[in-house]
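Trainee: Listed below are the residues making up each chain.
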Amino acid sequence: MIAYFQSVLITAGIFAILVQGLNLHRGFTGLLNFGHVAFFAVGAYTMGVLTTQFDVPLLPSFLAAMVAATLLGVIVALPAIRLRADYLAIVTITIGEIFRLILKSGPVVTEYTRGPRGIRGYSTEFYFFRENIGLGFLDPQQYLLLVVWTTVVLVGILLYVLLQSPWGRVLKGIREDEDAVRALGKNVTAYKIQSFALGAAIAGLAGVFFAMDIGSLAPDTYLPIITFQAWTIMLLGGMGTHLGPVVGSIIFWSIFNATLFIPGVSGAEAAYLRQIGIGALIMLIIIVRPQGILGNREEMVLDR
Amino acid sequence: MEEALQLIANGVVIGSVIAVSAVGLSLVFGVLKLINFAHGDFLTLGAFLALTGVGLGLPLYLAAIPAIIGGALAMGVLEKVLWKPMRERGASTVNLLIISIGLALVLRHVIFWVFGERTRSYMPPSPRIDLGLFALTPQDIIIIFGSAIALVGTGLMLQKTRIGTAMRALADNRDLAEASGINVNRVILYTWLIAGALTAYGGILLGLQGRVFPNMGWFLLLLVFAGVILGGIGSAYGAMIGSLLIGVVQELATHSAIGLPADLKTSVAFLVLILVLLIRPQGILGRKQAL
Amino acid sequence: MAERDGLLLEARDLKVGYVPEVNIVNGCDVELRRGELVSIIGPNGAGKSTLIKGLFGLVPVRGGTVRFKGEDVTNAPTYRLVEMGIGYVPQTENVFPSLTVEENLEMGAFLNPKVIKDRYEVIFEWFPMLRDRRGQRAGTMSGGQRQLVALARALMLEPDVLFLDEPSAGLSPSNVDLIFERIRFINSEGVAILMVEQNARRALAMSDRGYVLEMGRNRFSGPGRELLNDPKVVDLYLGGRASGGETAG
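Going line by line, the protein sequences match chains F, P and H. Numbering of the first sequence is given in the UniProt record's numbering, commencing with residue 1 and proceeding in unit increments. Numbering of the second sequence is given in the UniProt record's numbering, commencing with residue 1 and proceeding in unit increments. Numbering of the third sequence is given in the UniProt record's numbering, commencing with residue 1 and proceeding in unit increments.
Quick caveat, the hints were computed from the structure, so don't treat them as lab data. Hints are supplied without guarantee of correctness; some may be wrong.
Unchecked claim - Calculated lysine-lysine pairs in the DSSO-like style (CA-CA distance at most 27 Å, straight line): (1) K15(H) to K69(H); (2) K186(F) to K172(F); (3) K33(P) to K80(P); (4) K15(H) to K232(H); (5) K69(H) to K160(P); (6) K172(F) to K33(P); (7) K33(P) to K160(P); (8) K69(H) to K114(H); (9) K160(P) to K114(H).
Claimed, not checked - Label-pair distances were calculated between CB atoms; the ranges are: (10) Y61(P) to T189(F): 52 to 62 Å; (11) A257(P) to S254(F): 49 to 59 Å; (12) L243(F) to I149(P): 37 to 47 Å; (13) N75(H) to R182(F): 36 to 46 Å; (14) P127(P) to F261(F): 47 to 57 Å; (15) P127(P) to L284(F): 33 to 43 Å.
Virtual Cβ for every residue (Gly too), placed ideally from N, Cα, C.
With the sequences and hints as input, model every part of the structure.
Mentor: So this is what it looks like as structure tokens:
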């Protein structure tokens, strides 16, 4: 039972990190990113491919995963600069799907990603590493739990500091009135790209932990539903708040996993009911409390 | 060359399906400025409603009628209970878009829940008929004509009827429409009803073209977006042309001279979508504020 | 309560605002009788356009009452007011650009399509230029032509009253002449007109009565000629020259 709760907390922590990235895009900069799963996937795959096929050591492969996600973030940001919010939603969701399809069946790419068969065996070094840092007394699950939640805290502190800085104030200014920020002589484009890149890097790191948790990589894990789950968590917690991703993720995954224990419902049915629940939750939050649990209504009023 | 012609023909078939779906999406966008992410799942709903009729022993063309009415009513009811109240509360277009994503998840998985994940079809597959330059199945031919009829009908509705003119007026300037005495909520309701009927019809054509399964509409949705944006979002005529182009482009991408795996052909359509948005966001026929 | 003494429109102590507690119009009275031409003038930000939008149900009325033909129509839906006989021409974006002239007119008669055919004849007689351009898209027309399309659209249902929000805004001097001439003509055909105008001198000169608004309240009111010659009004709102000139207010 404890192991079960730990596994729920690991998932919640990983998604909290993922949503911290999304929250930077949407909550703090106002960018409508519906392709977040792509950053999650690129982080996981970069680490997986480098570790299993090029024998790259643990820390460099982590770093490479974040760099790759950053690069993809910049690429996605390029259309983001010019497009209206709703077009951006379509473009980002589309980029996410292109990315998944390429991982699955792209020529050359599949030589490394092994297409639909996926990748395994990249996590040994990660778990072995705990001996090196004197955490050998933890079992692998406890160790992952500790690493994930330490990261949640570190990323949270990083974002908090950054968003209090002048740089962060410009981002929030873009969210509220892009033209006004531009009128102040700020390069809005550059700030948007930076926001996209940093949020993507954070998502890429979450992707690495996700890969460590599930133990294998397959393209069809990275469906748009991951993005929608991240959105639900962000909306639930309250976008544009620092604790929102954490609170949202814990509540979301508690509810999500609680549905596993509804008696008399088959596995497949429960899966459908959960998706229905996610959809209904998204609608309900927007209808009843668009600012989320921790959000503040005043900030949402400015949302166009 | 032979291969190319056959691929173009296949592309026109799938493009015809996309076009019917795209026109409905474009109508709703034009009038409401709402990008409806649940549109794909309404295609699925229409396909499954017709499948239910077929299961009861009706021929498909009869089963299509209640399915189309059902599709229209479904969108109409949602206008009454969801979209209109949200508009009256002044919800932003972004929030409406997010709601439509939630709605999409709900609708799709209700369909999964009710019908299961099994893939079905309206009828056993028929062999292709050789038409000289290319070969098509009888279903393909029905799709092309069925789509053409719906598109011409929608075009006539928009140009020749009062409600169609009012839809174009709303797409132009909703405040002025209201100030002119147009009962805006009624026009919006009609827009949903027509879009719902078109979407259910498109879903049936999609089921006829391939198979009927709960993800069918969702999988098509991004292609529908691509068609709509390529043609110029909010332009119903643009949506028709954009959709046919998307259909043909993605089929031609699998030509042996290009050698792209069939799995990736939709990515080509998606890339076209992104390129168009980057180079010419108003699309081929798009103008500002037009339907 | 039925209409009395030809009093078509009567607003009492009107408070209008986009958001609660922030009333842009804050206690205005407006009256309009059958066949009258009444102007509302005042400095920028006085609440003139907001007043007319409040009367027409486009901005929420937060206090006071609006009666039209004796019936309480405070915050009534706009289409209901159109049905009862009010036409409205907004200041900007007052045509449907992708619709033809004829379709624009058709939209003006959305509530009663039966009259369209007969009404076209009257309208085209009043605005002969539109007859020749009936198939042209309104978006391709000049500012003055659009203003005529907008006026014509608002007249399609034979309204008793026309609300005009700055009909001369953004037009060239010759077009301003044309529009004011047509407005006088429409008024002579028996349509009462309530008009907000920046061009205060000209507006008052052609009006039966006028209201001067300031800070969302009535400051002065009376017959157009009297206001035009009232030293205080001239001093404050007409640039201090006590004779009817062509100066924009």
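Trainee: Taking the hints in turn, state whether each one holds.
Mentor: We went through each hint and held it up to the structure:
no.	hint	in the structure
1	K15(H) to K69(H)	holds (20 Å)
2	K186(F) to K172(F)	holds (13 Å)
3	K33(P) to K80(P)	holds (17 Å)
4	K15(H) to K232(H)	holds (26 Å)
5	K69(H) to K160(P)	violated (36 Å)
6	K172(F) to K33(P)	holds (26 Å)
7	K33(P) to K160(P)	holds (23 Å)
8	K69(H) to K114(H)	holds (24 Å)
9	K160(P) to K114(H)	holds (16 Å)
10	Y61(P) to T189(F): 52 to 62 Å	holds (54 Å)
11	A257(P) to S254(F): 49 to 59 Å	holds (54 Å)
12	L243(F) to I149(P): 37 to 47 Å	violated (56 Å)
13	N75(H) to R182(F): 36 to 46 Å	holds (39 Å)
14	P127(P) to F261(F): 47 to 57 Å	holds (51 Å)
15	P127(P) to L284(F): 33 to 43 Å	violated (50 Å)
The structure is inconsistent with the numbered hints 5, 12 and 15, although it conforms to all the rest.
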